[in-house]
Amino acid sequence: MNPRLLFATTARVLNQIRHDHRSVAMILVVPSFLLAAVYFLFENETLPPGFPRTFDRVGLVMLAIFPFLIMFLITSVTMLRERTSGTLERLLTTPLNKADLLFGYAFAFSLLAAVQALVTLAVAYWVFNLDVKGSPLLVALICVLNSILGVALGLLCSAFARTEFQAVQFMPVVVVPQILLCGLFVARSAMNDVLGAISNVLPLSYSVEALQEIGRNTDPSQTMWQDLIALGIIAVGLLVLASATLRRRTK
Amino acid sequence: MLPATADGPVARPTEAAVLARNLHVRRGRAHVLRNLTFSIPSGSITGLLGPSGSGKTTLMRVLMGLQVFRSGDVTVLGASPGARVLRAQLGYMTQSPSVYRDLTVRDNVRYFATLHGRSRAQADAAVEAVGLVPEAARLTASLSGGQFNRVSLACALVGDPQLLVMDEPTVGLDPVLRAELWDHFRRLAQGGTTLLVSSHVMEEARHCDELLLLREGRLLAQLSPAELAERGHNQDLEQAFLAMIQESAPDEGVDGREES
Chain A
1 MNPRLLFATT ARVLNQIRHD HRSVAMILVV PSFLLAAVYF LFENETLPPG FPRTFDRVGL
61 VMLAIFPFLI MFLITSVTML RERTSGTLER LLTTPLNKAD LLFGYAFAFS LLAAVQALVT
121 LAVAYWVFNL DVKGSPLLVA LICVLNSILG VALGLLCSAF ARTEFQAVQF MPVVVVPQIL
181 LCGLFVARSA MNDVLGAISN VLPLSYSVEA LQEIGRNTDP SQTMWQDLIA LGIIAVGLLV
241 LASATLRRRT K
Chain B
1 MLPATADGPV ARPTEAAVLA RNLHVRRGRA HVLRNLTFSI PSGSITGLLG PSGSGKTTLM
61 RVLMGLQVFR SGDVTVLGAS PGARVLRAQL GYMTQSPSVY RDLTVRDNVR YFATLHGRSR
121 AQADAAVEAV GLVPEAARLT ASLSGGQFNR VSLACALVGD PQLLVMDEPT VGLDPVLRAE
181 LWDHFRRLAQ GGTTLLVSSH VMEEARHCDE LLLLREGRLL AQLSPAELAE RGHNQDLEQA
241 FLAMIQESAP DEGVDGREES
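Heads up: the protein sequence lines correspond to chains A and B, in order. All the letters of the first sequence, read from the start, carry residue numbers 1 to 251 under UniProt numbering. All the letters of the second sequence, read from the start, carry residue numbers 1 to 260 under UniProt numbering.
Heads up, a few of these hints could be off.
[Stated by the list, open to error] Beta-carbon label-pair distances, calculated as ranges: (1) A:225 with B:145: 54 to 60 Å; (2) A:237 with B:192: 43 to 49 Å; (3) A:185 with B:133: 54 to 60 Å; (4) B:68 with A:159: 15 to 21 Å; (5) A:162 with B:52: 21 to 27 Å; (6) B:73 with A:201: 23 to 29 Å; (7) B:180 with A:159: 55 to 61 Å; (8) A:165 with B:120: 26 to 32 Å; (9) A:84 with B:120: 55 to 61 Å.
Hints were generated in silico from the structure; no laboratory data involved. The beta-carbon is built from N, C-alpha and C at its ideal position, and this holds for glycine as well.
Okay, chain A solo, but in the shape it has when bound:
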C-alpha cells in the first residue's frame, strides 16, 4: 500500500461526488427526514410506564441502516462505472495497487458517511430527543463501520453486474434480507432456526445488536465489543473478496 496514492484516490472519489450537488444533498438530508417520519408515526403511542418509546428502538436501528444502504448503492454504481468506462483497467496499468484503490474508496465513502451520521445523529438527539444510554460516539462509530460494510459489499456486488440497472437490482437481494433479519421487526431470538442461522451470518445483525446494547447500557458491554470485532472482521473479509474481483488480466 502507498498512502499517497490511496489518499489521492480518496480525494478523487470525493471530488467526483462534490460535482454532484443533488446526491450530496440527498445523502446528508434524506436520513433526517425519514427519521422524522418514524418519529411522527409513533408520536401518539401510549406506553406502559418505564417502557421505551418505539422511536428510541426503531430510530436507533435506522441510524445503522442508512449509511449501510446508501453507501452500498453509491459504491456499487460508482465502481460499476469504473469498470465499464475502462478507467479501472487503466488504473491497473499504473503504479496504483488494488489495495490503494479499494481502501481509497472505503475511506472516501466512510468520510461521507461520517458527515451523514453527524447530521442524522444531531437531528435524532437534539430535535427528537432520542434516548440512548450509551455514548453517542459509539453510535457514530457503528454508523461509520456500517458504511464501510456497505462500501465493501457494493464493491463486491459491482463485479457481478454488467449495467447500472443490474447493480441497483442487487439492493433487494443483498440489503433487504439484512434489514428483515437484523432484529428490527422480530427479535433474533424469536426467529425459527433457519432464519436465525441466516441472521447470524449477516453483518447488519451485528451492528443492530451493537446499537441495541449501546441503547440499553450506559457503559459499553462485552456483547457490543464482540459485535464490533465481528463487524470489523466481516468488513475486511469483504474487502479482500472484492479485491479478488479486480482482475488485471482477461483470458
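Keeping the supplied structure of chain A fixed, place chain B upon it in accordance with the hints.
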C-alpha cells in the same frame, strides 16, 4: 511451438523496447493473434495498422499486461508484460476514452499525474500538450468527443512513460490538432520515448518510423513507410497496403475476431 521463423527485420542492432516471438492469443475458440513475431525499436514511433477487427487492440493489451496470451515470448522493456516494475514505465491510452466524466479536465490529469509520481506542473504541461488549456476547468462530461479523447491522451502522456501505447489517439481530431500531436509524438520519440500508435487510417502511417501491418490476427509485415510504398508499388500508402493484402492471398477461414 515452432522454431523462430522470423520474417522481416526482427533482430535489429539497436535495442528493442518490445520483443515478441510467436505470440499467439486465443479468446474462446477465436484465434485473435496468430504467431506474431516482431520487435519495436526504442525511441521510435511504430504504427500498428490494420483494418478494424485485425487484432490491434488485443496486441496492445498484451503489451500492457491486460491480456493473457496462450503461447509465445513477449518482452516489454526487458520484463514480461504485466510485471510490477513496468507499471511506472508504461503509458496507455485506451480506444474509448477512459477518464472520469465527473471530474474537470485538470483534476483528471492531476490524478493520473499523482499515480505516476508527477507534479501538478507536469499535469498542467500535459493539458497544454493536448491543447486543452481553455477547457482545463471544465467538467469532462461537458466536452466534445474530440476534446474528451484528448483528456484521455493527456492522462497517458502525463506519466512521461518510456513506452507509450496509444489506441487510435488521433481519431476524431481536426487536421491542425492532429498535425500538432504528431509533432508532439515526434519530439517524445526524439527524447527517447518509444511510441506504439494504432490506427486504421493508413494516411497516418507516414508519421511513423516503423509499421506493423496486421490483418485478421496475422502480421503481414514489419517495414518502414518507404518500404511499404515500394512493396505495394504505390506512393499512396492505403493503395500500397491493399496491394500487399492481395499479394498475401488469404487462405484459411476467418475466425479471428476482436472487440474494442
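Okay, the hints, checked on the actual structure:
no.	hint	result
1	A:225 with B:145: 54 to 60 Å	holds (56 Å)
2	A:237 with B:192: 43 to 49 Å	holds (46 Å)
3	A:185 with B:133: 54 to 60 Å	holds (58 Å)
4	B:68 with A:159: 15 to 21 Å	holds (18 Å)
5	A:162 with B:52: 21 to 27 Å	holds (23 Å)
6	B:73 with A:201: 23 to 29 Å	violated (47 Å)
7	B:180 with A:159: 55 to 61 Å	violated (41 Å)
8	A:165 with B:120: 26 to 32 Å	violated (38 Å)
9	A:84 with B:120: 55 to 61 Å	violated (29 Å)
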